[in-house]
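Asker: Residue numbers (our numbering), protein chains in the order written: chain C, 1 to 234; chain S, 235 to 527; chain V, 528 to 890; chain X, 891 to 1180; chain B, 1181 to 1432.
Don't read these hints as lab results, they were simulated from the structure. Wrong hints could be hidden among the right ones.
To give a feel for the contact side, a few chain B residues facing chain S, derived at Cβ under 10 Å [unchecked claim]:
| hint | residue |
| --- | --- |
| 1 | S1228 |
| 2 | A1232 |
| 3 | A1254 |
| 4 | R1255 |
| 5 | L1267 |
| 6 | D1282 |
| 7 | Y1287 |
| 8 | G1291 |
| 9 | G1306 |
| 10 | D1308 |
| 11 | R1342 |
| 12 | C1346 |
C-beta: ideal position from N, C-alpha, C; glycine also.
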Amino acid sequence: MAMFSVEDLSVHYGYVTALKNVSLTAERGQIVSIIGSNGAGKTSLLRTISGLVKPVHGRITFMDKALPHQAHKIVGLGIVHVPEGRGTFSGLTIQDNLLVGGYRFRGGQLHQDLVEQYELFPLLKHRKTQFAGTLSGGEQQMLAISRGLMSKPKILLLDEPSLGLAPLVVNQVYDVIRRIRDSDITIILVEQNARKALSICDKAYVLENGEIRATGTGGELLSSDLVKKAYLGQ
Amino acid sequence: MALLISILTSTLITLIAVIGIYILTGMTGLFSLGQASFMAIGAYTSGLLVVKWGLPFPLACLIAIFLAVLVGWIVGLPTVRLRRDYISLVTLGFGEAITAILNRATPLTGGAAGFVGIPPYTSFTLVLVSAVIIIAAVAMFKVSKFGRQCSALRGDELAARAVGINVPWIKMTAFLFSVAVTAYSGCLYAFYTTYVDPSIFGWRKSADWVIMVFFGGSGSLTGAVLATFILSGLPEILRFLADYRSIFYAALVLLIINFKPSGLLGSWELTPKNLRKLARDISLFMKKGGKNA
Amino acid sequence: AGSKEAAASEIVIGSVQDITGPTSSLGKMVDSGARLAIDEVNAKGGVNGKTIRIITYDTKGDVNEAINAFTRAVTTDKVSALIGPPVANIALALAPISERYSVPFLNLAIDPKVQIKADGTPYKNMFGMQPSADQQGSIMAQYAIEKRGFGKFGIIYNESNAYAVSLLAPFVDTVKANGKTVAVTTSYTANDKDFKTLLNNILQAGVDAIYSPGYTQELILITQQARAMGFKGALIYGLDAGPPFNNLLGESADNIYFINNIDTTEPHLEAITKSVKATQNIDVTNKFFLGYDIGNILVQALGAVGSDSVAIRDYVENLKGYQGLTGVITMDAKTHFPLGLEMVMHTYEGTTPVVLERYSASY
Amino acid sequence: MSLQILINGLALGSVYALIATGFSLVFNVLKFSNFAYGAMMTCGAFFGYFLSAANGWGLVPTLLVAMVSGAVLGLLGQVIAFQRILNNNSSPIYFFVSSITLGTLLEGFVTLKVGANFYNYPRFFESSTFKIGSVIISKSDAMMFVLSAIALLLLAYVIKYTRIGRALRSVSFNRDNASLMGINVTMIIRLTFMVSGALAGLSGVFLGINYTLYPTLGSLVVKGFIASVIGGLGSLSGAVIGAVLLGMMETFLIHLIGSGYAPVVTFLIMLVFLLVRPRGIAGSNVQEKA
Amino acid sequence: MLEITRIHKNFGGIVAVQDFSLTASQGEIHGIIGPNGAGKTTIFNVISGIYAADQGTVILDGHDITRLEQHKIARKGIARTFQNIRLFKGLSVLHNVMCAFDSQTRYSILGAFIPTRLRREEEKHGHDVCMACLARVGMEKYADEMPENLPYGHQRRLEIARALACHPSILLLDEPAAGLNPTEVSELSDLIVSLAESKDFAVLLIEHRLELVMSISQLIHVQNFGKTIATGTPEEVKANPAVIEAYLGKEE
Ligand SMILES: Nc1ncnc2c1ncn2[C@@H]1O[C@H](COP(=O)(O)OP(=O)(O)OP(=O)(O)O)[C@@H](O)[C@H]1O
Ligand SMILES: Nc1ncnc2c1ncn2[C@@H]1O[C@H](COP(=O)(O)OP(=O)(O)OP(=O)(O)O)[C@@H](O)[C@H]1O
Ligand SMILES: [Mg+2]
Ligand SMILES: [Mg+2]
């Protein structure tokens, strides 16, 4: 059985159906990409996995155990979600944002982690007392990723991490993602930037109108007609 | 019959005040906990003008409303540019101040003993006609550009400014409109009870009105009307509960807010279009039900 | 849910009182007193073979509610007579409305404005059943000046309380008429609970006595704070310093003088107090006895003239020499206040009430 | 003599400060004015009276009982009136309405139990005042001053520097994202209500000692609201500074012009204050960024 | 015609914008690019009056608008979209757009209460104009939907429609392509080009999606640490080593 699997998941918002019988799996140290157009349900999928949205039916398992229902317990298992639109705590300083990210840990360990993050994103260190709400869009994105890493994830759910980032930084972020993967962390990556996402991943799913339309390795999908036409703008 | 008329009259006066709150809270998303003080200004001013200076009732009402709007403007001035929480707390302080003045200015207001001898000019017909006209005016306002702008700034003030909405001005307009309506309800009130005293106009009264707006559905004028009838009729119906009356009332409101957060009607309005839709839905439902049976 | 069919064998009277809200302790007391009177009569077979039913209408201390309650009582429930509240605001609001009907309204408001119109004639249905504020205020001043020899007074009163306000002018007028002085007059409002600064202003003036008409709770705070600030002089209070004030104060109530409708030390009143405590677990106050007297006056009226409300009104207007627990009641048709009803000045020794003087209230 | 007035003002200010602290705590986290706070104080005071003081227990047990029952009540209130609104992610407006209603409900229960009667705490001290020079200071005022200072400093420290405090602040900005950090948001919010309830109990007892016990004791909370406007909405230390200022201002006004027009002047000062310094004394001015 | 001369903006110690100047006229598309935190959004915030400039002037059609209140600036013809979408919740899609048109509607407060003829005509006119704005971004069939239920891409389009209803002479677009997939980006670039072709207004465009900004801008301003490090056509900029180092990075 896969380390992480989603089976037959459906989600509704009132009358709107966001997800219909979605299934996917991920293994340790894999990058799994999910691509799809706007409103396909990518964010909803991640929000369901992390416990923010309750599914109508379906099963999510991690290491052969069903996930608990509350978001904070799911984080406790090491499934960490970096939300779309950054979601930094606007009135907290950068440092406090990071420390909240490491909420599960305390003491010296926490400060060690903080130092690590500052090494990864030096910009954050220079600005550590600035309120997150006044950061530029891209700076907030870095903070959000960094804050997610403070939770020491086993599975990292990234929702459009390259959103609003300068090209140079996008490359940096993807480097970071690779590095994270290399440290045996599983990454579920939701991206609009299909080319980038597909070129980095081990496995990818195409989501359309809440349903899985196609699946395969990154390379397979990059060359599929469906993906080319709809997501690569070719 | 006399009882019914008496209850209906006082309910309709409350209704007018609640509509004042609806403009402010339901449409613009602002709170005033001193709204009852504007009712007091309306009541005392019109009463004084008629009793002490012998002005005709309609003129007295007009002057009273004008005065209330003027005072409202001063109260609103520092708050319309601030975060919306401020207006609720500033008006709260204003309420305390008005009560103090009414208690103190004994030669004019009669102080705590109240102001007696107001002639009973408020008839049921007058109140009914006023309520209908005011509801119509507010309904018109809601679908005008001003009403739209009120809703817009409730959604996002910064974006509202960025599309050219003069946010402080719209806030002030909504506030003063609601003040005028509330002050008028005060005039009606004074000439209905023929007696007013300062303790009538505390912040709890304003809070009660806010609750009524929410009970009915914060976005719905129809809801506000419905809720006023239910909630101000309720205590009269619940008389047999005696001491448990206020507990029952509070529990009911809590239930609605918790389990139907959008209130009774949400933002549904009684318009010909919606009514036709409702009728269609009902007939469809009946047909289906018929088939199943 | 009244059974109107049974009306033939039943007479209905109403009691419009603050049963909930800030003044409910007063309203409930009057209501229980009246109920005791009615229950006693019903237990003996009622009047002329009919039982009396008393309906209580809660005003919640709200004028609007009171108007609805009043209207309900006189139009829907068709009561023969009404017992009114001891709270001036409610009675003031109901006075002009009572004029539209012909149901007598026996209340306990002491403010003359409740019973008497601006033109000096009484409202036809309103009757005050205890001495007016004018009478009570001047009695307290007379006592303080004549029996205690005080010459310099400080006053602290609740300006948002109609009852307290009505007791202010008569006291001051009497003091001035006797050539004495009121050195400082200060006021507070319902929300004020900290009187130290106000009292400070009074104490600075070095007064013989502080006069404070107000509700029990305020009197307790004023006593505690004045004593804590080292004031050793006399405190002169109104009706609401009567028991259970002494038990609630939590310290010695020495050197406090107050006016009361009754002599609390009279044996048969004490007996009633005990029995009510035993049967209903109520600590009665003077309002209870006032309510009891009104109840009995109505019973007597019903017995004499039947259940017609106009006849009852006339009967009450001409009431003479009724021997009640609060004294001998003779209605003055000109003022609709009782003539010559006695008031009793009290003080406390420690926490025990002591009777000082009886005054016959002349208007 | 003006020293005496200053002391009286400080005493009144510390009553207001204690009220304002518990009230702004909830405001900080959930961004709404908890209008049930007044009723919570009343309940706390009555619990302290009936469960402890009436049994002849001393001040400290009474305070503890009131605080514990205040905390329990805070928790209950959260479950009854706010939990569902939280779950639905409704706007703060709903909390506001719910809190007013909860207040009415609690007050209703108190009235049911005690009627409009009032009670008096027994004397906890041999003498209720002490003197420094010519200045008379009431013991309960002094205790209140000290306790509210301690409560405030403790809270400020916890909120600013501890893990729980950071969690609390993050919850105040975005509940969903806070839960993504592994924070048990419901627990944090309940904790907030419990602490605020405990403070309500504490203030309740002191209000009771100073002003006797009665069902609408909590209406003094209005002063807490006004204080927090003067201090800057949402700022805890601002609320306290505002409260002390308000207490002193009122006392001076009462001394100078009497109690009658004091609220009017207070209100005018508040208006002018808002015009001149809209963010209050300690409110920070974070510019909104688009 | 928009003339921005030497604007500065500091936040405490941070210099967000330094010495920024730009001139744009109807029909032009200007791109503004630069690393994160370079001060691009701040430039928009200064132009639209959310922040007051520390120095410098913004002149629109000969009028100095630097220190006007926000809503007045908007009424003078500066319309914008936001980096983080800001729509009016609780108003339908059409009403979102109409709000932006309302300040141009002529009926007075009297018309708020009485359905005067002027009001009816103006409302009708506004309705038509706003439907046309929606149609220009291809959103007319969603007119009665609630914006919060729309997918992201549609919300972006709605923001543009709302800005169009302000009858702008300058349109400020802050990262309009963020969150769109490549297909949608190419639709968006067609849309922006077609808007610019109408010659009604100039477009200033902040964007990190190079496929969009490089293909449609006539002139590109590159910002770094608040300063303009390069200005030129897309080709010039792409070849500029300073820009490559600070922003573009080497192509992989
Ligand atoms: N809270 C909500 N209430 C109602 N509908 C919602 C809600 N959240 C999302 N939806 C709807 O569910 C569908 C899926 O939305 P979701 O945000 O998961 O899409 P997405 O793939 O992440 O899109 P994007 O690329 O724009 O982020 C959309 O139709 C959206 O409108
Ligand atoms: N209100 C503010 N207070 C303090 N600093 C601010 C404020 N607004 C912006 N800044 C700072 O100014 C700098 C410029 O921010 P701006 O938002 O303009 O960047 P940007 O170029 O739009 O970046 P991005 O491409 O990431 O959106 C950033 O470093 C940001 O942290
Ligand atoms: Mg998404
Ligand atoms: Mg930006």
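Asker: Give a verdict on every hint.
Answerer: Here's how the hints hold up against the structure:
1. S1228: Where the cut-off is 10 Å and the nearest Cβ of chain S is about 6 Å from S1228 of chain B, the hint holds.
2. A1232: 14 Å, violated
3. A1254: It holds, given that the least Cβ distance between A1254 of chain B and chain S is near 4 Å, below 10 Å.
4. R1255: 4 Å, holds
5. L1267: 7 Å, holds
6. D1282: Interface hint status for D1282 of chain B: holds (4 Å vs cutoff 10 Å).
7. Y1287: Given a least distance of 7 Å, the restraint on Y1287 of chain B holds.
8. G1291: 7 Å, holds
9. G1306: 8 Å, holds
10. D1308: Hint violated; D1308 of chain B Cβ to chain S Cβ min 15 Å, cut 10 Å.
11. R1342: Interface hint status for R1342 of chain B: holds (6 Å vs cutoff 10 Å).
12. C1346: 6 Å, holds
Consistency with the previously given hints fails for numbers 2 and 10, ordered from lowest to highest.
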